[in-house]
Amino acid sequence: MSEVLDIAMKNGRWTECPSCKEVIITQKLKENLWVCPNCGFHFRISNDRRIGITCDSDSFRPLSPSSGSLVPDKEQGKLDNVLKGGLASIEGLPCIVGVMDFSYKGGTMGVNTAEMIISLMKNAQGLEKPLVLFCSSGGVRVQEGIWGLMQMLRTVHARRFIEDIPMITVFTDPCLGGVTASFASLADIMIAEPGARIGFAGSRVIESTINYKIPPDFQNAEKLVSRGFLDMVVHRHNMRGTLAYILRWF
Amino acid sequence: MKDRDSERFIDIDNALKELEHSIAELTDVDTSELREKVQGLREDLYRGISRWEQIEIARSFARPGTQDFIEGIFSDFMEVHGDRAYGEDPAIIGGLAILDNIPVVVIGHKKHSKNKRDYIHHNYGMAMPAGHRKAIRLMKLAEKFAKPVITFVDTPGAYPGPEAESQGQAFSIAQCISSVASIKTPVISCIIGEAGSGGALAIGFGDRIIMLEHAFYSAISPEGYSSIIFEDTSNRKKAADVLKGTGSDLLAAGIVDYLIPEPTGGAHNSPQLVIEATSKVIRYCLKELLSIDTDMLLKKRAEKIESLLPKV
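Residue numbers (the numbering used here), protein chains in the order written: chain A, 27 to 276; chain B, 6 to 317.
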């Protein structure tokens, strides 16, 4: 039996939930918007999938950064894949959507990522459309040294210049370090997916620095709401509806 | 000299200091030649030091800290406390001061102290959210009454602990960075020691940035970088070279405006000299910035922030 299971998992037809270990038929999981039907665990999803389940079908038009300051990624020889952004609509309401992908370099913010974020902000202002950012990141891209760190300042600065544009941040698991500590937490409305870990220091850093055993609910979205830092936790099934309500309100 | 162990290198420096003390105790002989010899040995020791060794100097407990700079530069300093919201964080000290008859607001990380108890009290300069909020409210005070702000950065990073997280560390840093970027009054930032990650950036930017030669400003500590990239901390020397965060690196990168040279072996060998040099540059910058009107100041600052890109 376990061999059969292994093969089915390997070819992607079945998927194991990392939280409750239930084995789920991948098609079912997909229909359930990558939320475990058994325990409600929200799977981390790629930015393409996120755009697919959030925006109206075929409404997404990718925007490429307008400025010429983008430098090709040294290792990959191509542009940054952490952030995918463009003009889209949610329940018919046009907005600029940006989605960070944790699976690419831990969603870290390098110079190019920051360029993309700033370009989305400028587009939102130019088109006078609200900005919706799905943030998931390990923080600043340390491989870029001081320049990575300085992108925190650049994105914060860019955010200040579009103060009259509604900005909504949706934190998805995990969002840590220099992204939470810069543009992401300067939004007008801040939402998180259930169970998303949001904070500054990663658990490994905390455990190694001060020898503290991290409790399971540490830094999770629900706790941050109870502490007063986030507006609400929204289930993935209700995300489109919630965003649409907010966009309509603005 | 290439592959010396950095711990031994600090030991040698200490031995040289002991030697100097012994020489100073000699009374009936001419010691000038001996002193010159020791100085020569020290110069040999520090010739062509690596970035990692510079970090060791930046972290040295003997290094002058924010308190020393404040006492040496300002004629009068009155510390104020509290973030007006939740608490008081001794890791960031701030207050009112006078410089050449100009009232200013001073904010800085208090990393260096006189004894171990004080180090713990000030949490080695690792700020809590309350510290960042204190910095924000002091900047707002400065803005309201049109006083310039002078910051001193000396921190391993913002405090990475559970209390800090539950009080919103990331959120407080974001707001602090936003304050530095938007405040309608001149800001001068001095990077005097270790300047690690978001905690340093929170008050580590300004219209003018002054940095000490061996200070180290980076997104992450070399140990942290090494453990992320090479899976353990043993490659910290290599990491330090990748991070390129010394004063001369950042001056070359165009992030830092003024570099304060340090005496052989580091600022602690002649703190007075370094503090005086810093003081001169601060005075010069202050005069320059006060002559610019606010709109121009903000425009220049915006340009400075927008140009924070690697020069290809």
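Any given hint could be a false lead.
[Claimed, not checked] Quick partial rundown of chain A residues pointing at chain B, CB under 7 Å, derived from the structure:
(1) Leu-179
(2) Ala-227
(3) Thr-235
[Said to hold, decoys possible] List of simulated lysine-lysine pairs, DSSO-like, C-alpha gap at most 27 Å:
(4) A:Lys-148 to B:Lys-316
(5) B:Lys-242 to A:Lys-131
(6) A:Lys-47 to A:Lys-148
(7) B:Lys-121 to A:Lys-148
Don't read these hints as lab results, they were simulated from the structure. Quick reminder that beta carbons are idealized off the backbone N, C-alpha and C, glycines included.
Quick rundown of the hints versus the structure:
1. Because the smallest distance between the Cβ of Leu-179 of chain A and any Cβ of chain B comes to about 6 Å, under 7 Å, the interface hint for this residue holds.
2. Because the smallest distance between the Cβ of Ala-227 of chain A and any Cβ of chain B comes to about 3 Å, under 7 Å, the interface hint for this residue holds.
3. The closest approach between the C-beta of Thr-235 of chain A and any C-beta of chain B is roughly 5 Å, which is under the 7 Å cut-off, so the hint is satisfied.
4. At roughly 22 Å between alpha-carbon atoms, Lys-148 of chain A and Lys-316 of chain B fall within 27 Å of each other, so this suggested pair holds.
5. Between Lys-242 of chain B and Lys-131 of chain A the CA atoms are separated by roughly 23 Å; this keeps the pair inside 27 Å, and the hint holds.
6. For a cut-off of 27 Å, the pair hint linking Lys-47 of chain A to Lys-148 of chain A is broken: about 43 Å separates their Cα positions.
7. With a CA separation close to 50 Å, the supplied pair Lys-121 of chain B and Lys-148 of chain A exceeds the 27 Å bound.
The structure fails hints 6, 7 (numbered hints given earlier, in ascending order).
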